[in-house]
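Taken in order, these protein sequences are the chains called A and B.
Per the working numbering, the very first residue in the first sequence carries number 14; after that it's consecutive.
Per the working numbering, the very first residue in the second sequence carries number -6; after that it's consecutive.
What the hints contain is simulated information worked out from the structure, not anything from laboratory work.
Mixed in with the good hints, there may be bad ones.
Covered by chain B, according to a simulated footprint, are these stretches of chain A (three or more residues, beta-carbon under 8 angstroms) [stated by the list, open to error]:
1) 180 to 191
2) 325 to 337
3) 346 to 360
4) 378 to 390
Just so it is clear, CB atoms sit at the ideal spot from N, CA and C, and this is done for glycine as well.
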Amino acid sequence: MTTPLTPVLSAFWDADRSWTLETYEKHGGYAALRKALAMPASDVLNTVKDSAIRGRGGAGFPAGLKWSFMSPPDGGPRYLVVNADESEPGTCKDIPLMLANPHALIEGAAISQYAMGSDHAFIYLRGEVVHVYRRLLRAVEEATAAGYLGTDVLGTGITLRVTPHAGAGAYICGEETALLDSLEGRRGQPRLKPPFPGAAGLYARPTSVNNVETIASVPGIILEGSDWFKSMGTEKSTGFGIFSLSGHVTNPGQFEAPLGITMRELIDLAGGIRKGHRIKFWTPGGSSTPIFTEAHLDIPLDFDSVAAAGSMLGTRALQVFDETVSVVRAVSRWTDFYAHESCGKCTPCREGTYWLKQIMERLEHGQGLPGDIEKLDDICSNILGRSFCALGDAATSPIASAIKYFREEFEAGMHTPAATLFPPAASVLFDAKEAATA
Amino acid sequence: MAGTNASGHLHVDPESKAPYDAETLATLRADAEIVIARYPQSRSALLPLLHLVQSVDGYVSGRGIKFCAEMLGLTTADVSGVATFYTQFKRHENGRYTVGVCTNTLCAVMGGDAIWDAVSAHLGIGHDETTADGMITLERVECNAACDYAPVVMANWEFMDNQTPASTIQLVEDLRAGKDVAPTRGAAKVCSFTEVSRVLAGFHDGRADEGVGAGPATLLGLKIAKERGWAAPSSAPAPGAEDSSADRPGGLKGKEAAQ
């Protein structure tokens, strides 16, 4: 039996100086690395495979399978690249994880390298979080000094290295092949696949790109076993994950729970929707996942159930908007974001987001033209599935889903500004906060 | 310096191309060698080297581009192409502090738009513009991964959580007055743009142990779990106590427990 919340990664985030090696070791840190290094690497990989952990960065591809798809060792370098470019709107789990407990990621990176026959991992951190970078640099320094990283890890003769690397501001670098190009010192633009990174990734060598939370979950899986991991979650979405509630709930925050918890349960834990209001729409996994409404509160938040309901679990970035919020305004701003972040490499995304932005902007200002909704639909269908990478597809998600559930608000955009229908002042949190601190 | 108008074009003033003095160049070269040594292939050092250039020049200068190209065996066009792709690389001299108001949807709705309007009017500058005293460069920033603390403002890439228009105006005034400002979750104080750029180049400043491990929103789930005695299954289960998932229905086990 598991409980509604299952803190594993977050279990001692509240400890004094939680980010230090001393605290991590006090809570069993690096025991999993010792255990892993005493096992054949193939057993380590198989344990992760058996756990059936699906990637925590959004796509949900089984991590162990990803590792096993890497081209077989040929004596040349192989790389683990940790995707720490957390930038998906609404997503705020990896940054607090690395701030509070960077060693979980470092230990996970060490074990994962060993499992895949690599001796060098990079952590590609978005550049806009300087204190997280400090913590990663320090954690690597501490782990190296303690013999958990280096050229002779724990006296085994095995080499495991971790290099934290700061990006410089580009959402597209969260796309794994764009990330690799960026890490190679280029503009962060996606690559044509195949070849997949498992065959030709960083420096055209076999590479696995994995999310922070995925890699940080590996020590637990090694230490406690794959059955332990599978005792949480659902059959096809095993284990636990961090659910991030933000927006119009009474108490936003991070909740580490088995996959399959519902939004209704999470909102209860967050103290409900802010007082006097009710939920209008929400994102299950960031702005790139089609929005949900009140009708979807009881859907188990696992990969398959959310997909069956027409969206994606994504990064469990649960952004909550109450009835004061104009869906047109919200979507218009997300559309600005995708247009801003489109890398320009492929035409459907570069041109499509440019047009979507203009139409959303006039709808937001009550200046929509006849046929605009149909035009949005048309442009979306010309982007979806025709873009080089998932960014273009993502740009269509909020628009298509918002039209599906709130078409009348788009129709109102032909004559009435969103700010008239939904005065923005009613949505802001300042009053509530000032009342709370008074 | 380059004009304060944000035309979006790369301004290359003659001053920007003026060579580094010998001492600066020697230090830069020594630092660059350290950065390059971290990577199997030298070009990977380009982003950190551009951060390093910003730590000296306060933006990506023409001479900085030339320096990176020389260190990595690239053309200046290659380097410019990369530098102009990323929003953190500034095309004209940055203020001592970048103050970034998140105006992506969630923060915007929770109050980010109101904060932006207030602080922009207060300073009399718009996006990517710098105050006349050279202290503050104002930016609209995209989601910075702190949505549970919305509305969020970043000060030189340190978190200022749960902001209001008044708190943000106070923030910029304190920064302009040269006062030390403590981020909500970050170092003991907000460091200067050039200092932070040096950290982003991978030279850490000894401040990792400053500040908190987590803010209250980060800890909310953990706090509730502790209050209610909820925990992940035992780390050392008795044999057979936690059976395999084979006989388990797809649903959440906790829900079964609650029923």
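Consistency of the hints with the structure:
no.: 1; hint: 180 to 191; verdict: holds (count 5)
no.: 2; hint: 325 to 337; verdict: holds (count 3)
no.: 3; hint: 346 to 360; verdict: holds (count 6)
no.: 4; hint: 378 to 390; verdict: violated (count 0)
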